[in-house]
Every structure is written in structure tokens, then in C-alpha cells.
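In case you want the letters, here they are:
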Amino acid sequence: IAGITQAPTSQILAAGRRMTLRCTQDMRHNAMYWYRQDLGLGLRLIHYSNTAGTTGKGEVPDGYSVSRANTDDFPLTLASAVPSQTSVYFCASSTGTGGDEQFFGPGTRLTVL
Amino acid sequence: GQNIDQPTEMTATEGAIVQINCTYQTSGFNGLFWYQQHAGEAPTFLSYNVLDGLEEKGRFSSFLSRSKGYSYLLLKELQMKDSASYLCAVSGGDYKLSFGAGTTVTVRA
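Chains as they are written, first to last, in the working numbering: chain A, 1 to 113; chain B, 1 to 109.
Source of the hints: derived by calculation from the structure; they are not laboratory data.
Owing to the predicted nature of the structure, the values given are computational and were not obtained by experimental measurement.
Just to be clear, a hint being listed does not mean it is correct.
[Claimed, not checked] Computed from the model, here is a short list of chain A residues facing chain B with C-beta under 10 angstroms:
#1 Ala7
#2 Gln11
#3 Leu13
#4 Met27
#5 Gly42
#6 Gly53
#7 Gly58
#8 Asp62
#9 Tyr64
#10 Thr97
#11 Gln102
[As the list claims (entries may be wrong)] Just a sample of chain B residues kept apart from chain A, beta carbon distances all over 10 angstroms, derived:
#12 Glu14
#13 Gln19
#14 Tyr48
#15 Val50
#16 Gly53
#17 Ser91
#18 Phe99
[Stated by the list, open to error] Which residues of chain A face chain B? A partial, calculated answer using Cβ under 10 angstroms:
#19 Tyr35
#20 Leu45
#21 Tyr48
#22 Ala52
#23 Arg68
#24 Asn70
#25 Phe103
#26 Phe104
We treat Cβ as the ideally placed atom computed from N, Cα and C, and that holds for glycine.
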């Protein structure tokens with residue numbers, strides 16, 4: 001693979017279920033990010049990781065958790081999904097130095113019923 | 001927090017020029033990015049400005065005025081494939097990106 005991948009591409013989930021969205025990059029980037037994109041609201045940062053072993057909260061972290069056990073992987077977990085978490089989720093990565101562009105994965109379209 | 005404003009929609013004719021404005025209010029500033037996003041796809045990087053002035057890259061140019069909290073993206077010689085959303089994003093004091101809601105540009109023949 002080259003770049004950043006996400007799985008699944010799309011998912012329909014019953015409310016209350018647990019779900020993990022996967023993200024993997026092979027660019028050896030230090031920093032990784034999770035965003036959600038909702039119509040009219042743009043991309044909003046959920047959680048981020050500046051380097052393996054560290055994570056931080058973004059603008060809308062409630063109901064989500066992340067881990068960063070290694071450089072390549074940055075999974076996002078919804079412990080108990082709710083309908084308001086219906087969204088398109090994008091993972092991104094960057095070198096982590098100031099002013100560096102972020103590279104985005106193809107996204108996961110999640111519907112919570 | 002960050003406040004980033006850009007128009008919701010713009011329409012232009014093939015071959016024309018369109019200017020997308022972005023105004024921002026942020027706590028700290030470490031640069032402004034423009035991304036392009038086609039429907040159903042991921043955002044892709046277009047430009048980065050950290051100093052005042054104009055950055056030109058082919059048919060696309062981006063301008064920044066830090067004192068005015070203002071940027072614009074200029075798309076010249078519009079092509080049908082330029083129909084997309086254009087996202088303005090500001091890197092704040094913590095180097096995290098805050099995005100505007102995006103401007104949907106429709107190019108008509």
C-alpha cells in the first residue's frame with residue numbers, strides 16, 4: 001500500500017453497538033488525526049496523536065476513544081454508538097512538523113440507526 | 001477557539017476565474033491551508049500560506065493577509081473537473097487544523 005487506508009468503507013450500525021474504525025498509513029508519519037465531516041459543518045477534529053504512544057482530544061472527542069500503539073495504526077472506537085455519530089469519518093496523517101500538509105484517507109461512511 | 005468563514009456556494013463558467021474568500025479569527029496562527037474535495041472523496045492539499053502575499057501554483061493561486069485575517073483562493077481558466085468543494089483550514093497555536101465549512105464550486109459549460 002502507499003499512503004493512508006481506512007476500513008471499512010461504509011458501515012450501518014445499530015445504536016448501542018461498539019465499533020472500531022481502522023486507519024493505517026505507510027508514510028512513517030509521526031502525527032495522525034481523526035475527523036468527522038457533517039454537511040454544513042466541515043471537518044471537525046475528534047482525536048489526534050502527535051507520535052506513537054501519545055494521544056490528545058480534539059474539538060469533538062465525546063463518545064470516541066483512540067489508541068496509538070505504533071507509528072502506522074490509529075484506530076478510532078465508538079464504545080456505544082448513537083445516531084448523532086452518523087457521519088463520514090476521515091483519518092489523516094502528517095510529518096508532525098509545523099506547516100506540514102495532512103494526507104487524508106478515503107473515509108468511512110458510518111450510519112447509526 | 002477558531003472561527004473560519006467562507007461562502008457556501010459559487011458558480012462560474014468554464015474558462016472563467018473564481019475567487020473564494022476565507023476570513024478567520026484564531027488563537028495563534030501557524031499558516032493557512034486550502035484543500036480540494038471532490039464529492040465522495042477525501043480532501044487533497046492545494047496550497048499553504050504562512051507569510052503575507054500571493055502563492056501561485058499553476059492555475060491556482062492563494063493569498064494571505066495575516067493582519068486582516070483574510071485569505072483567498074483564485075482558480076483561473078476554470079475546467080469542469082474543478083467542480084468540487086474548497087476547504088479553508090487554519091493552523092492555530094497548537095498546530096492543529098480548524099476547517100471552514102467549505103465552498104462548493106460548480107463549473108458550468
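Structure-based check of all given hints:
no. : hint   : in the structure
1   : Ala7   : 14 angstroms, violated
2   : Gln11  : 16 angstroms, violated
3   : Leu13  : 20 angstroms, violated
4   : Met27  : 13 angstroms, violated
5   : Gly42  : 4 angstroms, holds
6   : Gly53  : 18 angstroms, violated
7   : Gly58  : 7 angstroms, holds
8   : Asp62  : 16 angstroms, violated
9   : Tyr64  : 16 angstroms, violated
10  : Thr97  : 9 angstroms, holds
11  : Gln102 : 7 angstroms, holds
12  : Glu14  : 27 angstroms, holds
13  : Gln19  : 20 angstroms, holds
14  : Tyr48  : 6 angstroms, violated
15  : Val50  : 6 angstroms, violated
16  : Gly53  : 15 angstroms, holds
17  : Ser91  : 7 angstroms, violated
18  : Phe99  : 4 angstroms, violated
19  : Tyr35  : 8 angstroms, holds
20  : Leu45  : 6 angstroms, holds
21  : Tyr48  : 7 angstroms, holds
22  : Ala52  : 18 angstroms, violated
23  : Arg68  : 16 angstroms, violated
24  : Asn70  : 22 angstroms, violated
25  : Phe103 : 8 angstroms, holds
26  : Phe104 : 4 angstroms, holds
Hint compliance for this structure: hints 1, 2, 3, 4, 6, 8, 9, 14, 15, 17, 18, 22, 23, 24 are not met, and every other hint is.
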